[in-house]
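Need the complex rebuilt from these two chains, each delivered in its own frame; the hints are there to steer you.
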Amino acid sequence: MLDFSVFTWEVFRSYVLHGLYFSLALTAVATLGGIFFGTLLALMRLSGIKLLTIPATIYVNGMRSIPLLMVLLWFFLLVPMIVGKPIGAELSAVITFIAFEAAYFSEIMRAGIQSIPRGQVYAGQAMGMTYGQNMKLVILPQAFRNMLPILLTQTIILFQDTSLVYIITANDLLHGFSVAGANLSHTRESYILAAVLYFVICFSLSWIVKRLQMKIAIIR
Amino acid sequence: MALDWKVFCLDTIDKAPVSGCFSSGDQQTYLGWLLAAWGQTVIVALLSLIVALVVGSIIGTVRTLPNSPWLSRFANAWVELFRNIPLLVQIFLWYHVMPVLIPVFADTPKMVLVVMGLGLFTSARIAEQVRAGIQALPRGQRYAGMAMGFTTPQYYRYVLLPMAFRIILPPLTSESMNIFKNSSVAFAVSVTELTFFAQQAGEETSRGIEIYMAVTLLYVISAFAINRIMTFIEKRVRVPGFVASTGAGGH
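Listed in order, the protein sequences are those of chains L and B. For the first sequence, UniProt numbering assigns the number 1 to the initial residue and increments by one for each residue that follows. For the second sequence, UniProt numbering assigns the number 1 to the initial residue and increments by one for each residue that follows.
If you are wondering where the hints come from, they were derived from the structure by calculation, not from laboratory data. Computed from a predicted structure; not experimentally measured. For glycine and all other residues, C-beta sits at the position ideal for the given N, C-alpha and C. Check each hint, because a few of them may be wrong.
Claimed, not checked - Have a look at the derived ranges for each label pair, beta carbon to beta carbon: (1) A77(B) with R211(L): 32 to 38 Å; (2) L3(B) with K85(L): 54 to 60 Å; (3) L91(L) with C21(B): 55 to 61 Å; (4) I116(L) with R157(B): 37 to 43 Å; (5) S47(L) with A106(B): 56 to 62 Å; (6) P17(B) with R13(L): 30 to 36 Å; (7) S47(L) with C21(B): 21 to 27 Å; (8) V104(B) with I116(L): 50 to 56 Å; (9) R157(B) with I216(L): 33 to 39 Å; (10) L3(B) with I49(L): 28 to 34 Å; (11) L3(B) with L91(L): 25 to 31 Å; (12) L52(L) with E234(B): 45 to 51 Å; (13) S68(B) with I49(L): 52 to 58 Å.
Only chain B is shown next, with the shape it has when bound in the complex (with noise of 0.2 Å):
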């Protein structure tokens, strides 16, 4: 069985070949759509992780406030909530029951619905990481804060943060890149990403072992490059003589 590496200079409508393999005016090819495909999984990615990475910190932080017992046990829902129903559920929720539920949703686009889903779902993972990090202080660095009469939000933002977004950086970085392997999920509801543009490439190329290796080696290099990114904001940010200590956990 020989790799036939010309399928993705292909036209995707007549299947003849294209010279110079990319997509040009309304030609496409599968080569193009791979790269629009990376693209639409890359958009999905980061902005799920932005708004993972904001409402995760939010909660998380929430739930180690002292003397707010209603809010902490909001938080504590939240991430009992998205943690226990399997993602592509959630998806399913996301696009299926919440447009006819909240008219807002209406006439949302389904990358939008998508990338809530996905990144609230992995809000609550994160959620637990911040509440890790910032319980894995030493005690006496809340009571310094106060002692020092900053406010609660000050000694948060001052104090307490800084250290506990430095501690969780390996977990965060693990995160990270859960959400691009996750972002596949997308697929479920027809959004054209990797995972979508393999399926159907394969089917319509019956070239699927082609196809499969060049979108799982997508998947290997955005995963890479995640994690080469969080390795230099760990290194930059690192406090000289202050060891992170990584929790128990090995998944």
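Only chain L is shown next, with the shape it has when bound in the complex (with noise of 0.2 Å):
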């Protein structure tokens, strides 16, 4: 009834390989926008000036209230016409990610900023730090690594989620499977392959991530 003896190494290369190089590709620039991002969105939302809280909030609760999908098919459209020519699915598709990511991440800085307690900010301010050298030296770093291990758990969600880049056509990992199931005419085997993949993958990684979790909290 399934019959995999098709998907060879040579399948494999020519269809599939790209894709899982661009759904890892797309994974870490959007972990590493979105982080960036995500740290200054954090920073405008706990800033405590309105004209900085207000935007970041709205921001972060918007992307937060749509569907991922929606977003994708948003970026897809909307970019072009702001860019003034079409851009490609997957530039579209990194683009989207970043931004929607961002407020992903946001909310997970803005609770490792603060779960830092209030007197490591007064400690800093009374050595006579800025705001800016405060957050660098003192603050930031602790968040960092309070949130690794939910930074990393996002990480490994925000690697399923390239998959739906699958929707506006762009070349990922599942539309490698999917074309290779098309163009040899095994639908079934192919999505079950990809499955599996996709399964090895977070699997191994949510494991490091445990892993890493109790070495960081045996040193807390």
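Here's what the structure looks like:
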């Protein structure tokens, strides 16, 4: 009933490898970009200056209440209008993921920054540090470390979410399997293999995160 | 670029304006289609939520049972399996593979397949929360139940679960909102829900912005409604003097 024999290494290399590479690259870029802009958003929300707090809050809550698929479709429609020329599914996916994940990472970073005792902030201020120095030298290093397991878990979720760019026909891992399945007319086997590959990657990553969490817990 | 909201009053077939804007008889307007699509989203999300809550509660409870290593191993495997495969891939498996492998699903409507996919995917996440909720309770509660002579099902039913569910209501709220958002994936197998409508109608009318705005608004309204309902339940079932401690987790 199921026949996996057509899926040789050659097939995998020609159809799937490029998609796997794109999915991993998208995950990496979106994580780094998301953490960068997410940290900025978190700092804006915690700044206590209304002009910064309100737009950041609206942005984060807005992004978090729309499905990622809708955000993908929105950007796929809007970005070419703003730029004035078509930009392609891959670039559109990268922009969308950074913008979308920034909202989620900002919530994680906000929790991380708030988990640092206020005394540390005051200690930094008492040492005569500026806001920037205080953040860079005292608060953010500790916040990042506290949040590392959750940040990594979010990265695994992000990797799973990259499969959604299939919808705007960006050439990702799932797209590769889908095309291979259609061309070799073994759709079912192809999707099963896709599931297995995603599972192996995500399961190993979450195992690593679990180990890391234990290590951090012991140090603390 | 001006917005043109009249697009919703157009007939979906001949693109002629319809007076009154709503679908009537054999005329279907984009507004009528939008509302029907919203209905599909709500149905998929609510049915999946029921599946997820039932299965998730059972699996999560089983993971904390004493003296049944094989049951807990099964439940752990369940959670790992459904948590580590992307939702879209799971939906494809239900849609393309299940009907062939398991003959029962051969004639099942695709809506049911999507509900199974989304429901079981979410069940793994709810199981995690139920387990965390039960384990967050002081061990003394379990022993107290045992000391009262309760059987295992009894002390779960009367002592542990009522408190555990109260503790996990906040994460359950966000999970219920997630299920609404995740139901958009049903679009990939052409269930005619909101995202499907957005893409289809956006292309047909080339009025993507207006269509997407309406759809986004409906998603926000749905998520907000769920949030209000869950907050209401949370208030109703609150035990006086008991402050729920929420675990770490930022997403």
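Checked hints:
Evaluation of the 32 to 38 Å hint for A77(B) and R211(L) yields a failure: the beta carbon distance comes to about 19 Å. The beta-carbon spacing between L3(B) and K85(L), approximately 23 Å, falls outside the hinted interval of 54 to 60 Å. Remark: the range hint 55 to 61 Å for L91(L) to C21(B) is contradicted by a beta-carbon distance near 38 Å. At roughly 42 Å, the beta carbons of I116(L) and R157(B) sit within the given window of 37 to 43 Å.
Distance hint for S47(L) and A106(B): a CB-CB separation of about 58 Å, consistent with the stated range 56 to 62 Å. Taking the beta carbon of each, P17(B) and R13(L) are about 54 Å apart, not inside 30 to 36 Å as hinted. In this structure the hint that S47(L) and C21(B) lie 21 to 27 Å apart at CB is violated, the actual value being about 45 Å. Checked against the given bound of 50 to 56 Å, the beta carbons of V104(B) and I116(L), roughly 54 Å apart, stay inside it.
For R157(B) and I216(L), the Cβ-Cβ distance of about 37 Å falls inside the hinted range of 33 to 39 Å, so the restraint holds. Range check, L3(B) to I49(L): about 32 Å between beta-carbon atoms, so the 28 to 34 Å window is met. Taking 25 to 31 Å as the suggested C-beta distance range, the pair L3(B) and L91(L) conforms, at roughly 27 Å. In this structure the hint that L52(L) and E234(B) lie 45 to 51 Å apart at CB is violated, the actual value being about 31 Å.
Here the CB-CB span from S68(B) to I49(L) is close to 55 Å, well matched to the stated 52 to 58 Å.
The structure fails to meet hints 1, 2, 3, 6, 7 and 12 from the earlier list, while all remaining hints are met.
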